[in-house]
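By numbering that gives the first Met the number 0, the letter at position 177 of the sequence shown is numbered 176, and the numbering carries on one by one without gaps.
Just so you know, not all the hints are guaranteed correct.
Claimed, not checked - 30 angstroms max Cα-Cα, derived DSBU-like pairs, lysine-lysine:
1) LYS232 x LYS272
2) LYS272 x LYS183
3) LYS232 x LYS257
4) LYS183 x LYS88
5) LYS81 x LYS183
6) LYS229 x LYS257
7) LYS272 x LYS229
8) LYS94 x LYS81
9) LYS229 x LYS183
What the hints assert, rightly or not - Cβ pair distances, simulated, as ranges:
10) LEU39 x ILE114: 23 to 31 angstroms
11) SER180 x ILE222: 20 to 28 angstroms
12) LYS232 x THR209: 18 to 26 angstroms
Please keep in mind that the hints were generated in silico from the structure rather than gathered at the bench. Computed from a prediction, not measured in an experiment: that's the story for all the values here. Glycine included, every Cβ here is placed at the ideal spot set by N, Cα and C.
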Amino acid sequence: MSVGSVVNIQNNNEATDAVPKTNSSRNIGELGKDDFLKLLVTQLKYQDPLSPMDDKEFIAQMAQFSALEQMQNLNSTFSTMKALSMVGKYITASKPGSESTDTEFIEGIVDNARIINGNTYLEVNGVMVSVDEVTSVSDAVLKENKGNILPYASLIGLLATGYLGSDESDSLLTVTGTVRSVEKDYFGDFAIIDGVDAELCEIISGIPYTTSEDIEAYLLNNINNEVALKIRKPGQDTAVEVYAVLNSYEAGEDGAFKVILDGVRVPVDSITKLAEEM
Numbered sequence: 000m001s002v003g004s005v006v007n008i009q010n011n012n013e014a015t016d017a018v019p020k021t022n023s024s025r026n027i028g029e030l031g032k033d034d035f036l037k038l039l040v041t042q043l044k045y046q047d048p049l050s051p052m053d054d055k056e057f058i059a060q061m062a063q064f065s066a067l068e069q070m071q072n073l074n075s076t077f078s079t080m081k082a083l084s085m086v087g088k089y090i091t092a093s094k095p096g097s098e099s100t101d102t103e104f105i106e107g108i109v110d111n112a113r114i115i116n117g118n119t120y121l122e123v124n125g126v127m128v129s130v131d132e133v134t135s136v137s138d139a140v141l142k143e144n145k146g147n148i149l150p151y152a153s154l155i156g157l158l159a160t161g162y163l164g165s166d167e168s169d170s171l172l173t174v175t176g177t178v179r180s181v182e183k184d185y186f187g188d189f190a191i192i193d194g195v196d197a198e199l200c201e202i203i204s205g206i207p208y209t210t211s212e213d214i215e216a217y218l219l220n221n222i223n224n225e226v227a228l229k230i231r232k233p234g235q236d237t238a239v240e241v242y243a244v245l246n247s248y249e250a251g252e253d254g255a256f257k258v259i260l261d262g263v264r265v266p267v268d269s270i271t272k273l274a275e276e277m
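Given the sequences, and given the hints that come with them, work out the whole structure.
Structure, rendered in structure tokens:
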């Protein structure tokens, strides 16, 4: 015996007004715990008095009912916990639109989570979104504060000294240059600095550049292009990898190459010295 049921979302309070007024039907063969209990009661009601249900069969069905109830309660609890973990996060979701063939895309920061008629919803910009309709979740810090770098705008045009970290050690490389702009990404706030001078240690490339002639040819061909280099300060052992635009270069008498780089990303928290350009 199969039972189909239609769940209607009732708009009986302000919270449910934002829930889509659509009907959803369970597929045939998918029974909830209430359906299971109704079937069991009906079976008991219409059993043959002369040949009643066997005790073992009754106990087995009750055990199945108990297991089903626990599983559905567990799913409900998991859905609620999942929704609560998304509060304050930035999500994207897709849900059916007004037309059957339309899809509505929603994005924003989750204001709160609500349980309405046994279903778990997230409130995003006043719109109720089912947890099952969420397609991605990310931290809201970047999305919420996107463009909120005005406090660092005063750095632009100043001569700044900051530090770049090395992946190979805990040492820091001191760099100095003119702040062209400031930007924010998932890793923090950065000052984009031009005119950083350093000594070239290595060209990061799949092609080895070992001779001075090869290195100079590479530098010459990549003026005003973005390059990946390992640099250091003369006389220092600390070397760091940078991705920046090669402004110019100069070959030293000792065979070392001095490079001037633009667009070097320096964490604003590492800036220790500021001065106006002379």
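A quick look at each hint next to the structure:
This hinted pair checks out: LYS232 and LYS272 have alpha carbons roughly 18 angstroms apart, not beyond 30 angstroms. Note on LYS272 and LYS183: the hinted pairing holds, with a Cα-Cα distance of about 20 angstroms set against a maximum of 30 angstroms. At most 30 angstroms may separate the alpha-carbon atoms for a hinted pair to count; LYS232 and LYS257 meet this at roughly 9 angstroms. Proximity of LYS183 to LYS88 is assessed by CA-CA distance (about 18 angstroms); at most 30 angstroms being required, the pair is judged to hold.
Between LYS81 and LYS183, the direct Cα distance comes to roughly 29 angstroms. Compliance with the 30 angstroms bound is thereby established for this hinted pair. Proximity of LYS229 to LYS257 is assessed by CA-CA distance (about 12 angstroms); at most 30 angstroms being required, the pair is judged to hold. Proximity of LYS272 to LYS229 is assessed by CA-CA distance (about 24 angstroms); at most 30 angstroms being required, the pair is judged to hold. At most 30 angstroms may separate the alpha-carbon atoms for a hinted pair to count; LYS94 and LYS81 meet this at roughly 18 angstroms.
For the proposed pair LYS229 and LYS183, the alpha carbon gap of about 24 angstroms is at most 30 angstroms, so the pair holds. In this structure the supplied range 23 to 31 angstroms holds for LEU39 paired with ILE114, their Cβ-Cβ distance being about 27 angstroms. At about 21 angstroms, the CB distance of SER180 to ILE222 agrees with the hint of 20 to 28 angstroms. Roughly 23 angstroms separates the CB atoms of LYS232 and THR209, a value that falls within the hinted 18 to 26 angstroms.
Violation of the numbered hints given earlier is absent; every hint is satisfied by the structure.
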